[in-house]
Every structure is written in structure tokens, then in C-alpha cells.
Amino acid sequence: MLSSLGIIKQSFVMSIQNIKANKMRSFLTMLGIVIGVAAVIGLITIVETVSDAVMGKFSGLGAGTVMVMAYTSPTKDGLSDVDVDVLSRVEGVEGVSPTAEEMTASVVDKEVYKKTRVQGRSTTYFSHNPDAVTAGRVFNEADMSGESYVCIVDQDYIKKCLLGRQVLGREILVNGNTYTIVGVAKKDDSLMSYMSDTSRLDGTIIVPYRNVLSMSGKTRIYNLDVYVKKEADMSMVESRLRSALQNMYNDNDDYYSVVNMESLMSMMDSVQGMLGTLLASIASIALVVGGIGIMNMMLVSVSERTKEIGLRKALGAEPSRIQMQFLIESIVLSMIGGIIGVIIGLAIAFAAAHALETPFTVPGSAITLGVGFSAAVGIVFGWVPAKRASELNPIDALRSE
Amino acid sequence: MTSGEEILRMEGITKEYQMGDEVSVVLKGIDLSVNRGEFLAVLGPSGSGKSTLMNIIGCLDVPTDGKYWLHGNLIADEDQTSLAHIRSAEIGFIFQSFYLLQRQDAWHNVELPLIYANMPERKRKERVEEMLIKVGLEDKMFHMPNQLSGGQQQRVAIARAIATNPTILLADEPTGALDQKTGAQVMDLFHSLNDEGRTIIMITHDSKIAAHAGRIVRILDGNISEGAIEDA
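For the protein sequence lines, the chains are A and B, in the order given. For what it's worth, the working numbering labels the leading residue of the first sequence as 1, then goes sequentially. For what it's worth, the working numbering labels the leading residue of the second sequence as 1, then goes sequentially.
Rather than coming from a laboratory, the hints here were simulated on the basis of the structure. In this text, a Cβ means the ideal position worked out from N, Cα and C, and glycines have one as well. It cannot be assumed that every hint is accurate.
Claimed, not checked - So the derived list for chain B, only partly shown, Cβ under 10 Å to chain A, looks like this:
hint: 1; residue: M19
hint: 2; residue: Q80
hint: 3; residue: H85
hint: 4; residue: S88
hint: 5; residue: A89
hint: 6; residue: I91
hint: 7; residue: A117
hint: 8; residue: R160
hint: 9; residue: A161
Could you build all of it, start to finish, from the sequences and the hints given here?
Okay, here's the thing in C-alpha cells:
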């Protein structure tokens, strides 16, 4: 006895022969599936690639970090050093790093660079970001007094303002003060820099945060990165920080905010999922249209081959065998379309990733989805024509001219 | 003429078709008995009901009334799947216009009924080759139908019909599309198959062709009668 696998193989060979015999028609029919699958794969991959990149930036900054923003209330202006100290002693907190940022001009060898971003950092920042500096040194406690004029420059600044010159030890004039370059920072890949357009900047220089505050005539702290101990419960720490801030402000919570990066990430994750589902369902309309094309071709094929079906039946083919043959033909047709669609979709996604300058990864799930979807389309839309073929009366089928 | 076990028996076979409001009776109580090894011709003009009789003998159709035993089995109200199994095992069809699959070569055409009979691939290969040699097409095994003459195509069809070693070869106007010379060659092939002991039932309107058969029955207006060629 021939195994059912053998039957499938026979039907497969027959369907390939038939597809070959009607090349143009098969190609046009496949096109619907190709476009549908390419659209699904392309969109899903683009969404995944882009959001993976965004999430990557997030997690670079986000893991174990809570951002505290303090504003000015009628009775309180930002955070004092004492407040910062209180927050750093909250249970579960490993350290806090006040941050500040200003846009100003810098002068190198009498050349003025108007769009210089000055970031204020503390020693805690560097101890939690050990990779931040690639050459030279980081700030030490002595630099934190506000009287020490040292800075760290990033790669963009070197490229735009210091190209081909000695970097370490060079002096830069910022806001009337002469800073000495003590270190080189790696390219800033934090969330903030990702979200802001850095291409129009002349680059970034990092100075002790107090220096930034005094540039704008402030003494209070408005932004704080809080590093949470690994073993601590993120949300517990978050709520403890909130109540500490509540004690300080003694007012409604409009004047401060605590942003837990992890909850932000999980929110973004679900937004990404929703976006992906939405795009995929729009694209799958194309798949349905493609499926209708397959069904149409199979119906035409059945009526064209009525006599052949009658002959096969006279030669002993059971109705189920005829049905299997047409069903497999429909599946093969749409799966070839599906595979071509996957290739085109990935090419589109690759081009998009290249244009967006995000790393491209081939999503295995999308490929499985594309091929699986097209096979399903073949079964669903091939079923009726195959059933119709199997139910043909052999006498009528043989007699038809 | 030929003696042997009874292989086909029909008793009071009638076939009616509903044509709108009217019922048209195509076969009016056919009694027929065929023994193993017989070469029978069913002779009749068009419209006589011979095609309907062939469809019933070939298990392509079932009678409205009457009883039909094939190889000892009563063919009653079978469904399409069981009829397919019976055709596969018992009947080898030969048609007037050959009915070869045009997109497949001679070899694959002969292989087709063996696939449906679930013969394993290795055995199938041997069998197809054997059959094509038997009909004298050993040098044209992989020719496509359109590369073959009419007579050669009909020989492919005969190889296909005998491949499964069926109980009955059922031929419907086997020479109808052939010229006289190739027609005669096909009839020679029929004779040699009959000499091997194969049972052949041939349906034709041509009394000269029918004369090749060992026994002739005439069908007219849905009634059957034995013998007599003279006024066909």
C-alpha cells in the first residue's frame, strides 16, 4: 500500500506540473499573495526593528534607574542639597546623580561654536556608567565643588570643533570660564540624546553639574537620576521616593514626578505590540484579496480540467484523491507566493532599517508567520474548488468537450 | 463460444433519466451474462443506450433498477469512493479519443491507474515498462502524446487500461478515431490480449469492427438481443 505521504508527494508533483503549464496565470495569481505577505512581513519587521532599537536605548539608561523631576512650587524651588541627600538615603537607593543641561556657546582657539550642549554630571553618574569615558579621566569629588573647571568632550564635539588637534589638556572657553579637557566620552546613546536631534549640535561637553547650575544662575536641583539597588523592589523604591518628595513639598504632587524607566518600557512594549497587530491586520487584507485570486484561478482550473478529472476518476481515483490534488495545488501556489513575499518583505525591511540607521535582525517569527499564513490561505481558498472537483460526476466530466 | 466462469451478470437492468417533467427510459430491462475470457461486442447505433450500458458496466453509473454482479459482487447503491475502488480493481477503460493526459509522457500516463491502485513505486516502474513493451512502444516510452500518432496513442491507452490487470477491458469505439490500417492494428492487439485470456467488452456502432469479437449482442432502443450482424 502506498503511504499517505506518497499520495501527497504524487499530488505535489502533479501540482508543480500544472503550475508550470500555466506559468503566466500562476504568476499573476501568486502576485496577490506575494504582495500580502511582503506587506505583512515588511511592516512587522520594520516595527520590530525600530522599536527594538528604541528599547535598546531605553534600557541603556533605564535598567535600575528612576528619574526624579522636581519643579518649582509656590513654596519650594526644586531640590536643595539636603533634599538630594535625603533621597539618596531612601531605602533601596544605591545612589543619586543630579543632572542638568544647558545650550550655550563654546570657544576653541577663538573659534565660536554656538550650539554646544553642556551636560552636568556627578561622580555617581560615572560610577554607574563605567563605560561613559573612553580616554582620560572621570570627575572626582574635588571637581564637584563648583569651582573646578574640568570637562569631558564627546566624539561629536571632537569631530566638529577639535578635529586633528590635541584633545586632552586643551582649554575651552564656556560662559566666560576656561575649562580643561580631562576626558573623552563615548557617543552618548542615552534616551535623552536619542530623542533629541543631535545632528544640528556642535557636540556635547560634560562638566560637573554645579557648574551648569551656576551658568544659569541656579542653585537648586531639578533633575535627578536615582540608581536603585539590584535586589530592591523597583515599585517599592518608587513609592518611597514619592512619599519622601511629598514630605519635602508638602503640597499636591503636581510639582514633582517620579518616572520608573521599567514601567515606561513595559508601556512602550505594549504600544509596540498594538501597533504591530494593527499594521499586520491592515496588511492581511491584502492576503485575503490574494486568497480570492487563488480561489478564482482554482475554480477556472477545475472547470478547464473537467475532462481530466473525469478520466482520473475512471482510472480509479477516489474523490478524496482528486480533492487532495487540487488542495495541494492551491497550497503550493500560495506557498510559493508566500516564500517570494517573505523575501521581498525582508528586503523592504532591510532597506528601511538601513535608511533609519537601526540594526536589522531577521525575525524568525515573521518568516514562520508569512509562510504559515500563505499555506492557510491556500487551504481556505482552495477548499471549495477542490471539493467541487472531487464531486464532479465522472460521466458528465468525461462527456464534456 | 468461450467457456469459463461467469464474470459479469446483469438482470433486468433499467436506467431512467429525469428530463424536466418527463422520465426518459434509456435501458429497458437488460439481461446479460459474460464469461471470463470472452471478447464481446455490444453493437448499436447512437442513441440506442449503449453508452449508458457501458457506464453501468464500467461502474461510472449505477442502474435505476435491476441487479448487476461484477466478479461475483453485487454492485448496488455504492458511493463514489467505493465505485472508484471497484473501477480501479476491475475495469480497464479504452476510449474513442484515447483520453491521454497531454502534459504527461506515455510512461506517466500508463503509471496513473497504478498510482490510484496504490502500487508501490518500484513495482510500478517495472509494471509500466512491461506494459509499454507489450503494446510495442518500448522506443517511445517518454514521448509526449502529441509526439505520437493516433494508433500509438491508442496503444498507450491500452497499456494504461491493462496495467492494473483488470477483470474486464471496456472499450468504447476503440477504433473510431483511427484510420482503417491503424484500426486494424489495434484490433490485432485486442485479439492477442483476448488470446492471453483477457475479457474484453467492446462497444461500437460499426458491424465490421464488431465482427472481430467472438460474440456480438445488439442493443436497440434500450433492449438487448443476441447475435445477428446482418442488418446493423
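Going through the hints against the structure:
no., hint, result
1, M19, "violated (15 Å)"
2, Q80, "holds (5 Å)"
3, H85, "holds (7 Å)"
4, S88, "holds (3 Å)"
5, A89, "holds (8 Å)"
6, I91, "holds (8 Å)"
7, A117, "holds (6 Å)"
8, R160, "holds (7 Å)"
9, A161, "holds (9 Å)"
In terms of the numbered hints stated before, the structure departs from hint 1 and from no other.
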